[in-house]
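S.K.: Dock chains B, C and D against the given chain A, drawing on the hints supplied.
Number of protein chains: 4
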Amino acid sequence: MTEHRPSHAELNAFLKAEFPQNRCTLEEVDETDGSVVVAHPVGESELRPGGTVSGPVMMTLADVALYLAILARIGIVPLAVTTNLSINFLRKPRADRRIMARCRLMKLGKTLAVGEVWIFSEGEDEPVAHATGTYAIPRER
Amino acid sequence: MTEHRPSHAELNAFLKAEFPQNRCTLEEVDETDGSVVVAHPVGESELRPGGTVSGPVMMTLADVALYLAILARIGIVPLAVTTNLSINFLRKPRADRRIMARCRLMKLGKTLAVGEVWIFSEGEDEPVAHATGTYAIPRER
Amino acid sequence: MTEHRPSHAELNAFLKAEFPQNRCTLEEVDETDGSVVVAHPVGESELRPGGTVSGPVMMTLADVALYLAILARIGIVPLAVTTNLSINFLRKPRADRRIMARCRLMKLGKTLAVGEVWIFSEGEDEPVAHATGTYAIPRER
Amino acid sequence: MTEHRPSHAELNAFLKAEFPQNRCTLEEVDETDGSVVVAHPVGESELRPGGTVSGPVMMTLADVALYLAILARIGIVPLAVTTNLSINFLRKPRADRRIMARCRLMKLGKTLAVGEVWIFSEGEDEPVAHATGTYAIPRER
Numbered sequence: 001m002t003e004h005r006p007s008h009a010e011l012n013a014f015l016k017a018e019f020p021q022n023r024c025t026l027e028e029v030d031e032t033d034g035s036v037v038v039a040h041p042v043g044e045s046e047l048r049p050g051g052t053v054s055g056p057v058m059m060t061l062a063d064v065a066l067y068l069a070i071l072a073r074i075g076i077v078p079l080a081v082t083t084n085l086s087i088n089f090l091r092k093p094r095a096d097r098r099i100m101a102r103c104r105l106m107k108l109g110k111t112l113a114v115g116e117v118w119i120f121s122e123g124e125d126e127p128v129a130h131a132t133g134t135y136a137i138p139r140e141r
Numbered sequence: 142m143t144e145h146r147p148s149h150a151e152l153n154a155f156l157k158a159e160f161p162q163n164r165c166t167l168e169e170v171d172e173t174d175g176s177v178v179v180a181h182p183v184g185e186s187e188l189r190p191g192g193t194v195s196g197p198v199m200m201t202l203a204d205v206a207l208y209l210a211i212l213a214r215i216g217i218v219p220l221a222v223t224t225n226l227s228i229n230f231l232r233k234p235r236a237d238r239r240i241m242a243r244c245r246l247m248k249l250g251k252t253l254a255v256g257e258v259w260i261f262s263e264g265e266d267e268p269v270a271h272a273t274g275t276y277a278i279p280r281e282r
Numbered sequence: 283m284t285e286h287r288p289s290h291a292e293l294n295a296f297l298k299a300e301f302p303q304n305r306c307t308l309e310e311v312d313e314t315d316g317s318v319v320v321a322h323p324v325g326e327s328e329l330r331p332g333g334t335v336s337g338p339v340m341m342t343l344a345d346v347a348l349y350l351a352i353l354a355r356i357g358i359v360p361l362a363v364t365t366n367l368s369i370n371f372l373r374k375p376r377a378d379r380r381i382m383a384r385c386r387l388m389k390l391g392k393t394l395a396v397g398e399v400w401i402f403s404e405g406e407d408e409p410v411a412h413a414t415g416t417y418a419i420p421r422e423r
Numbered sequence: 424m425t426e427h428r429p430s431h432a433e434l435n436a437f438l439k440a441e442f443p444q445n446r447c448t449l450e451e452v453d454e455t456d457g458s459v460v461v462a463h464p465v466g467e468s469e470l471r472p473g474g475t476v477s478g479p480v481m482m483t484l485a486d487v488a489l490y491l492a493i494l495a496r497i498g499i500v501p502l503a504v505t506t507n508l509s510i511n512f513l514r515k516p517r518a519d520r521r522i523m524a525r526c527r528l529m530k531l532g533k534t535l536a537v538g539e540v541w542i543f544s545e546g547e548d549e550p551v552a553h554a555t556g557t558y559a560i561p562r563e564r
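Residue numbers (the numbering used here), protein chains in the order written: chain A, 1 to 141; chain B, 142 to 282; chain C, 283 to 423; chain D, 424 to 564.
Derived from the structure by calculation, the hints contain no laboratory data. Warning: the hint list may mix true and false statements.
Some chain D residues flagged as far from chain C (calculated, every beta-carbon gap over 12 Å) [unchecked claim]:
1) R428
2) H431
3) A432
4) S458
Taking lysine-lysine pairs in the DSSO-like style, the calculated list, with each CA pair at most 27 Å apart, reads [said to hold, decoys possible]:
5) K251/B with K92/A
6) K392/C with K515/D
7) K92/A with K157/B
8) K530/D with K233/B
Keep in mind that this is a model prediction, so the values were computed, not measured. Cβ atoms here follow ideal geometry from the backbone N, Cα and C, with glycine treated the same way.
Next comes chain A alone, as it looks inside the complex (with noise of 0.2 Å):
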C-alpha cells in the first residue's frame, strides 16, 4: 500500500480530472480518523419540479465522497471502481442549501474498502440521505 497520503490540493485537482462533469468539490479532510467532506451545489441543475434535490445528485456525491476517502488513504489510485452502492433516502433536502458528505470507511482490507456516507443539507443536523459502499482496489499498486 502507498505511504504517500495525498494533501486536499492534490486531491481536488485529481477529482476534477477525472470527472470533470461533476461538480463536486473537496472540503475537508480529517487527519484523525481519516473521514472527508464533500460538498455539491445545488441550484437549477439539481432541483426537480417541487424543490427536491435530485436522488442520483445525492448518489454521485455518495460515490465521489467514498472514493476520496478511500484515496485520501491509500494514495490517488485511478483504478479503484465502485461494485456496490446501497442509499437511504431520509428526508428532503434544501433547495437553497449545498448537500454535504461525510464519509468515513468502516473497512480497508487489501482488495475491498467499504465505507458509510451521511449526507446533510448544509448547516442542518438532520440527515437528508445515508449510503454505504464497496470500493474494489486493484491488486498491484
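M.R.: Relative to chain A, chains B, C and D alone:
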C-alpha cells in the same frame, strides 16, 4: 389506484418535465409484464478517463427506470419518491454504446413499490450492473 | 403514535414470545438517543468450521436489534415487518465472545423506520459487520 | 480456478459439514445456467406468531443459496465469505410450505462473485423475497 395507464409519449413528456437535466429516454413499455426499457446516451459527459461510463450515470438510469416502471403501472404520480436504491456494478460498460436499463417491478403495493433493474451496453448480452430499489407511493392520489 | 414507551423488561418479554427460537437478549436502551444494544451468545451452534460466527447469526442479530430499536420508540407493535435489510461483513468475529449489536434509528416516519446497526465482538473496538434496514410500520395502531 | 465441479451429493455433504445447524438442502443444480435451488423446511422453529416465516430464516436461505451457487461453479472452497447481502421482503410466505430459493450468479470474477436469489413458498408463483449478495473468493486455491 388510478386506472389510467399513461401512454409511452405521456411518460416521455413527463420525464422531460420532471427531470429536465437528465438525458434518459423511455424506449419501450412491455404491456405483458409491465417492464420498461430506458436508455441513456454515452458520450464525453458520461465517461471517466479510461473510457468507463461513470457509476453515477448508471445510478441515474436505474432510478429513472424504476420511476417509469411504477408510473407506467399506477399513472403519473409526481410525488413518488425513492426510499432505497442498491446497485451492484458487474462489468465495464462499453464507451461507444448507449446504456440500456430494463426494469420490472417485483412488488407493487399500496405504499411501496419494489423493482429490479438490469443495465446493459446496447446490443450486448452480459449485464454491466444490477439494481434494486424501493419507491414510496403517496397515500392519497 | 402510541406514547407508551415499553420498559426494558417488557421488550425482553416480547422478544421471548415473538421470536421464541432466537437467543438474542436486549442489553441496553439508551434513553438519550433511543439506541439499543442487543446481544447474541456464540457457541457451537453459531460457529462454522474454522471458528467463524455464521453470517445468518449476524443477520438475525441485526434484524432483532432494528426491531427492538423501533419498538422501544413506538411501543410494542407486533405487526411491524422488515422490508429491506442490507449488511456488510467487515471482519471475522471472535469465536469466544458474544456478538453485540448497537442500533440507532436514522428515521422514524409514520409508515417507515430506517435504522443502522453496528455489530461487534463483545469488548472489541473494531466492528465485525454493519447493517441498515427498513421496517414498515402498520398504519392503524 | 478449479475445474472440478462438485456433484449434487458432494455439495449437500459439504453443506451438512460446514453449516451443521442449518436445515437447508440443495434440491437442484441447473447445468445450463449454473443456477441452484435450495429448500428450507418451515415448521414451528421458523414461524413467528401470526404464521409468518421469520426474516432471518429467509436470510439464511439466501446466504446458503448464494454460497452453493458459487461452489457449484468453482468447486468446494470453504474459505469463500459473504461480504454483502441485501434482501427485500416482498410478501408473506405461507406457513404450510417449504421456502425455496433459486440463485443465479450475475458475475463470477477472480475475487468476487455476485448473485441474485429469488425466494418462493413451494409451489407458489409470486416471490416472497429477493436478495443480492457478494462473496469474496480467496485468492489462492
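S.K.: Name the hints, by number, that the structure is in violation of.
M.R.: none
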